[in-house]
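There are 2 protein chains.
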Amino acid sequence: MQFTYEPVDAAEAAAQRAVYEPFTQAVRELLDATIRTRAGAEDIAAAQAAIEAITATLRADQMDGPFGVRFTSEGEGMSWGNPVIGVRNPMAPPLTVEHGDDRCWAEFELGAAYEGPPDHVHGGISALILDHLLGEVASGRGDRPVFTGTISLRYLRGTPLGRLRCEAWTERIDGVKTYARGFISDAEGPTVEAEGVFIQPAWARQ
Amino acid sequence: MQFTYEPVDAAEAAAQRAVYEPFTQAVRELLDATIRTRAGAEDIAAAQAAIEAITATLRADQMDGPFGVRFTSEGEGMSWGNPVIGVRNPMAPPLTVEHGDDRCWAEFELGAAYEGPPDHVHGGISALILDHLLGEVASGRGDRPVFTGTISLRYLRGTPLGRLRCEAWTERIDGVKTYARGFISDAEGPTVEAEGVFIQPAWARQ
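Protein chains in written order, with the working numbering: chain A, 1 to 206; chain B, 1 to 206.
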């Protein structure tokens, strides 16, 4: 597994982000509109042709594979392709994760693209977000790479689309295993609870 | 929770799908290119302006909320906005789920948009897909609406990006609870296993 150290410093990373982040946000809006539009066949055909032309321009110079997990020369993480927090991934809400001592949290909004049951978040989307936040807290802000060993989710009630919060914390660390817990909540309280065991891979052990 | 019965028959649904499905596929390609492009600031600014114009056209006539879960007049499901199987959701791979007696499966490809660790599927994306397939098999092809009660995932090794298979089956049904299991596999065998309990909601009980 190849983590990439980019020959860019924080200033260059910020300059790149200023270009790609608002662009990605525009594609994110398009994604929502793609699901919800009632435009007719002619408008859709015109939009499709225009989008194919844009994609061809973007693909004229692109990475061979996926974005990867990169770090600036100062060691700052650039998980820009990540489906939960990636500022260059239009399918990511994206979450901005805030960190306390042994705890992290994010407030975010989920719309049409994340719907399972009518007007409610797909249960698997809740699992995606919880897996990410439990993994992030277990990794100690990324200082200690970990992979999900097991994760269990308990759905207390439906999670409505709209404004939500996710919170995760470390319960205990036992050798290479970190035990983490968390939940997603709406204004009325928790809707889904999770607990997981995250494992430090052999190559990251000292 | 409001399921929508559309005043469209199978022929009209097929006609709508013929318009929106290839368009959504074009947006899905754009999503991948958005993550991987190395285009410079000028090209990106031009692409962003063009996309914002397209989104405005699409939004001129759009649904007030999310797509919802619709059925044709013949009772055929139209989960077109779903983030796993939705043919109108650019973030869905989308999976085409095939059904046997007490079993369902899908073969699909995951690229840059689904990456967690470098070149590997985000653990939460595996959870999303497994939750969907276990729920689908537990619902008996959608005849018996169910919601996830609990789901547990065990990660055997990293799941590489690329061609994958997901399979799920019903273990047993005990009143309103259906016990389902499943896995994701690559060419070398299973990478993630799941088991879940799916609950028939009170309003769907007879």
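Hints may be right or wrong, so weigh each one.
Any copy will do: because identical chains look the same in the list, a pair fits if it lies in one copy or spans two.
What the hints assert, rightly or not - Calculated lysine to any residue pairs in the SDA-like style (CA-CA distance at most 20 Å, straight line):
#, residue 1, residue 2
1, K177, F71
2, K177, L156
3, K177, S152
4, K177, A10
Please keep in mind that the hints were generated in silico from the structure rather than gathered at the bench.
Here is what the structure says about each hint:
Taking identical chains as interchangeable, the C-alpha atoms of K177 and F71 are never at most 20 Å apart, the minima being 25 Å within one chain and 46 Å between chains. In this assembly of identical chains, the alpha carbons of K177 and L156 lie at most 20 Å apart only when taken from different copies (15 Å versus 27 Å within one copy). For the identical chains of this complex, K177 and S152 are neighbours both inside a copy (16 Å) and across copies (17 Å), given an alpha-carbon limit of 20 Å. Taking the closest pair of Cα atoms, K177 and A10 never come within 20 Å of each other, the shortest separation being 32 Å inside a single copy and 52 Å across copies.
Going down the numbered hints, you'll see the structure goes against 1, 4, while the others check out.
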